[in-house]
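Asker: Sequence:
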Amino acid sequence: MTFSAQDDGPVQGPAGATAALVLSDGSVLWGHGLGAVAEAGGEVVFNTAMTGYQEVMTDPSYAGQIITFTFPHIGNVGTNDEDIESLTPAARGCILRAEITEPSNWRATRHFSDWLASHGLVGLAGLDTRRLTRRIREVGAPNGVLAHRPDGLFDLAALRAKAAGWPSLEGQDLAKEVTCGQTYTWDQTRWSLATGYGVQADPRFHVVAIDYGAKRNILRSLASHGCRVTIVPASTDFESIMAHEPDGVFLSNGPGDPAATGTYAVPVVRKLVESGKPVFGICLGHQILALALGASTYKMDTGHRGANHPVKDHTTGKVEITSQNHGFGVDRTSLPSGVVETHTSLFDGTVEGLAVEGKPVFSVQYHPEASPGPQDSQYLFARFMDLMTAAKP
Numbered sequence: 001m002t003f004s005a006q007d008d009g010p011v012q013g014p015a016g017a018t019a020a021l022v023l024s025d026g027s028v029l030w031g032h033g034l035g036a037v038a039e040a041g042g043e044v045v046f047n048t049a050m051t052g053y054q055e056v057m058t059d060p061s062y063a064g065q066i067i068t069f070t071f072p073h074i075g076n077v078g079t080n081d082e083d084i085e086s087l088t089p090a091a092r093g094c095i096l097r098a099e100i101t102e103p104s105n106w107r108a109t110r111h112f113s114d115w116l117a118s119h120g121l122v123g124l125a126g127l128d129t130r131r132l133t134r135r136i137r138e139v140g141a142p143n144g145v146l147a148h149r150p151d152g153l154f155d156l157a158a159l160r161a162k163a164a165g166w167p168s169l170e171g172q173d174l175a176k177e178v179t180c181g182q183t184y185t186w187d188q189t190r191w192s193l194a195t196g197y198g199v200q201a202d203p204r205f206h207v208v209a210i211d212y213g214a215k216r217n218i219l220r221s222l223a224s225h226g227c228r229v230t231i232v233p234a235s236t237d238f239e240s241i242m243a244h245e246p247d248g249v250f251l252s253n254g255p256g257d258p259a260a261t262g263t264y265a266v267p268v269v270r271k272l273v274e275s276g277k278p279v280f281g282i283c284l285g286h287q288i289l290a291l292a293l294g295a296s297t298y299k300m301d302t303g304h305r306g307a308n309h310p311v312k313d314h315t316t317g318k319v320e321i322t323s324q325n326h327g328f329g330v331d332r333t334s335l336p337s338g339v340v341e342t343h344t345s346l347f348d349g350t351v352e353g354l355a356v357e358g359k360p361v362f363s364v365q366y367h368p369e370a371s372p373g374p375q376d377s378q379y380l381f382a383r384f385m386d387l388m389t390a391a392k393p
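According to full-length UniProt numbering, the sequence shown is numbered sequentially starting from 1.
The set of hints was computed from the structure by calculation and includes no laboratory data. Don't take each hint at face value.
If you anchor each label on the Cβ, the simulated ranges turn out as follows [to be verified]:
id: 1; residue 1: Trp-106; residue 2: Ser-275; range: 56 to 64 Å
id: 2; residue 1: Ala-158; residue 2: Thr-302; range: 48 to 56 Å
id: 3; residue 1: Glu-82; residue 2: Glu-274; range: 37 to 45 Å
id: 4; residue 1: Glu-245; residue 2: Cys-180; range: 14 to 22 Å
id: 5; residue 1: Asp-202; residue 2: Ala-158; range: 40 to 48 Å
id: 6; residue 1: Ala-38; residue 2: Glu-99; range: 13 to 21 Å
id: 7; residue 1: Gly-198; residue 2: Ala-157; range: 14 to 22 Å
id: 8; residue 1: Arg-204; residue 2: Ala-158; range: 53 to 61 Å
Taking lysine to aspartate or glutamate and the DMTMM-like style, the derived pairs with C-alpha atoms no more than 20 Å apart in a straight line are [claimed, not checked]:
id: 9; residue 1: Lys-162; residue 2: Asp-348
id: 10; residue 1: Lys-359; residue 2: Asp-173
id: 11; residue 1: Lys-359; residue 2: Glu-341
id: 12; residue 1: Lys-312; residue 2: Asp-376
id: 13; residue 1: Lys-359; residue 2: Glu-274
id: 14; residue 1: Lys-318; residue 2: Asp-376
id: 15; residue 1: Lys-299; residue 2: Glu-239
id: 16; residue 1: Lys-271; residue 2: Glu-357
id: 17; residue 1: Lys-271; residue 2: Asp-237
id: 18; residue 1: Lys-312; residue 2: Asp-348
id: 19; residue 1: Lys-299; residue 2: Glu-39
id: 20; residue 1: Lys-176; residue 2: Asp-237
id: 21; residue 1: Lys-318; residue 2: Asp-348
id: 22; residue 1: Lys-299; residue 2: Asp-173
id: 23; residue 1: Lys-318; residue 2: Asp-301
id: 24; residue 1: Lys-359; residue 2: Asp-386
id: 25; residue 1: Lys-312; residue 2: Glu-341
id: 26; residue 1: Lys-271; residue 2: Asp-313
id: 27; residue 1: Lys-359; residue 2: Asp-313
id: 28; residue 1: Lys-392; residue 2: Glu-170
id: 29; residue 1: Lys-271; residue 2: Glu-239
id: 30; residue 1: Lys-299; residue 2: Asp-313
id: 31; residue 1: Lys-162; residue 2: Asp-386
id: 32; residue 1: Lys-392; residue 2: Asp-237
id: 33; residue 1: Lys-392; residue 2: Glu-274
id: 34; residue 1: Lys-299; residue 2: Glu-170
id: 35; residue 1: Lys-299; residue 2: Glu-274
Computed from a prediction, not measured in an experiment: that's the story for all the values here. C-beta atoms are modelled at their ideal positions from N, C-alpha and C, and glycine is treated no differently.
Model the full assembly from the supplied sequences, consistent with the hints where possible.
Answerer: So this is what it looks like as structure tokens:
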């Protein structure tokens, strides 16, 4: 890998280079191309998880982003049709340290590079991901363009212009790009080694999930805890949600700036809180709930993306290891009276959970449904069930 900001116009990359990452400051990082022969722009971020790369690539919360995996062995267990969080990946591409070896897992059905290509996703391998990660940590997540050309010939001037002109995620409502097009129902439960995915045949609760970019494993977790789930588009109004007669309402994860999505989501969530219905939010849903309660959000320099983030639950005093993926946070100083911080990051002290005093309303910034893990936080779904039980007449 080399960093360069000198060459302009169509140039041949270094020997063997068939992919380039061009950052918004003009730097060029070379590597070997994977997946689709194409170009993709986005915010360049890093994820520190050691497992679950297919789930990461299909997480709708990564819309508009190019993912740098810090763990070196990505793709070595191949891909399959089960370990996905959405049918259509929202991530723009990925960056890897090592070349992908042949799949070595009994569940694998396809090579990771072939899987990327089938979804039109660009990949780059052979890059010093630790060096790139340190750069992101020092100066923040840059925008960039990832290009794959088997002939190794790149128009760097054009790529630099695209990278410099790529819009910031701040101010972007990306939920509208990944939300469902129409209402649908869900009864699939979590995967197990013995049976695969199951079906919830005897639900105790009916939950309406507002889809800002919902991960499938959240829906599976709700079903596994006894819920029949109705998923509605992000722009669904309060009256339509209540017409489903839910026992509780779930606010999903999703990508982009919560303040932008909040222009239409916040008034609906505010009415839901006022209705007295149990409400549970995760990730973007947590941020939108905070906005509806009168707090504010902000863009983080690098965000939290990984599966090893320690969080303290102030209601129990316990520390849990969590999976996280967010680039925006809730401003603690803006929390109004009656809104309690329930969880805090032990990495940087940021807000990781909220609850409303006297109301069955709470949220967390991280992902209790994490697949393949960790699973320390599954208790939060049980808390939601308890709230719905208490609210039933």
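Asker: Hint by hint, note whether the structure agrees.
Answerer: We went through each hint and held it up to the structure:
Our hint of 56 to 64 Å for Trp-106 and Ser-275 is violated, since their Cβ atoms are close to 48 Å apart. Remark: the range hint 48 to 56 Å for Ala-158 to Thr-302 is contradicted by a beta-carbon distance near 28 Å. Distance hint for Glu-82 and Glu-274: a CB-CB separation of about 40 Å, consistent with the stated range 37 to 45 Å. For the pair Glu-245 and Cys-180, the supplied restraint of 14 to 22 Å holds, since their beta-carbon distance comes to about 20 Å.
At about 58 Å, the beta-carbon gap between Asp-202 and Ala-158 misses the expected band of 40 to 48 Å. Distance hint check: the CB atoms of Ala-38 and Glu-99 are about 20 Å apart, consistent with the given range 13 to 21 Å. A hinted range of 14 to 22 Å for the beta carbons of Gly-198 and Ala-157 is inconsistent with their spacing of about 54 Å. A hinted range of 53 to 61 Å holds for the C-beta pair Arg-204 and Ala-158, which are about 57 Å apart.
Restraint check for Lys-162 and Asp-348: not satisfied, since their Cα atoms lie roughly 33 Å apart, outside the 20 Å limit. Simply put, Lys-359 and Asp-173 have alpha-carbon atoms about 29 Å apart, too far for the 20 Å limit, and the pair is violated. Between Lys-359 and Glu-341 the alpha-carbon distance is near 14 Å, which keeps this suggested pair within the 20 Å criterion. Straight-line distance between C-alpha atoms of Lys-312 and Asp-376 comes to about 12 Å, which keeps the hinted pair within the 20 Å bound.
Using a Cα cut-off of 20 Å, the hinted pair Lys-359 and Glu-274 holds, with the two alpha carbons roughly 9 Å apart. Between Lys-318 and Asp-376 the alpha-carbon distance is near 10 Å, which keeps this suggested pair within the 20 Å criterion. A hinted pair counts as satisfied when its Cα atoms are at most 20 Å apart, and Lys-299 with Glu-239 does not qualify at roughly 32 Å. Restraint check for Lys-271 and Glu-357: satisfied, since their Cα atoms lie roughly 16 Å apart, inside the 20 Å limit.
In summary, the hint linking Lys-271 to Asp-237 is supported, as the alpha carbons are separated by about 10 Å, within the 20 Å threshold. For a cut-off of 20 Å, the pair hint linking Lys-312 to Asp-348 stands: about 12 Å separates their Cα positions. For the given pair, Lys-299 sits about 26 Å from Glu-39 by alpha-carbon distance, which is inconsistent with the 20 Å threshold. Between Lys-176 and Asp-237 the CA atoms are separated by roughly 14 Å; this keeps the pair inside 20 Å, and the hint holds.
For the hint linking Lys-318 to Asp-348, the alpha-carbon distance of about 17 Å falls within 20 Å, and the restraint holds. For the suggested pair Lys-299 and Asp-173, the alpha carbons sit about 14 Å apart, so the restraint of at most 20 Å is met. Taken as a hint, the Lys-318 and Asp-301 pair is broken in the structure, with Cα atoms around 28 Å apart against an allowance of 20 Å. For the given pair, Lys-359 sits about 13 Å from Asp-386 by alpha-carbon distance, which is consistent with the 20 Å threshold.
For a cut-off of 20 Å, the pair hint linking Lys-312 to Glu-341 stands: about 11 Å separates their Cα positions. Of the supplied pair hints, the one linking Lys-271 and Asp-313 is violated, its CA atoms being roughly 27 Å apart against a limit of 20 Å. Taken as a hint, the Lys-359 and Asp-313 pair is honoured in the structure, with Cα atoms around 19 Å apart against an allowance of 20 Å. Taking the CA atoms of Lys-392 and Glu-170, the gap is near 40 Å; set against the 20 Å cutoff, the hint is violated.
For the proposed pair Lys-271 and Glu-239, the alpha carbon gap of about 10 Å is at most 20 Å, so the pair holds. Only pairs whose Cα atoms come within 20 Å are accepted, and Lys-299 paired with Asp-313 is rejected, the gap being roughly 24 Å. Only pairs whose Cα atoms come within 20 Å are accepted, and Lys-162 paired with Asp-386 is rejected, the gap being roughly 50 Å. Between Lys-392 and Asp-237 the CA atoms are separated by roughly 23 Å; this puts the pair beyond 20 Å, and the hint is violated.
Our distance criterion of 20 Å between C-alpha atoms is met by Lys-392 and Glu-274, whose separation comes to about 17 Å. Restraint check for Lys-299 and Glu-170: satisfied, since their Cα atoms lie roughly 7 Å apart, inside the 20 Å limit. Restraint check for Lys-299 and Glu-274: not satisfied, since their Cα atoms lie roughly 28 Å apart, outside the 20 Å limit.
Consistency with the previously given hints fails for numbers 1, 2, 5, 7, 9, 10, 15, 19, 23, 26, 28, 30, 31, 32 and 35, ordered from lowest to highest.
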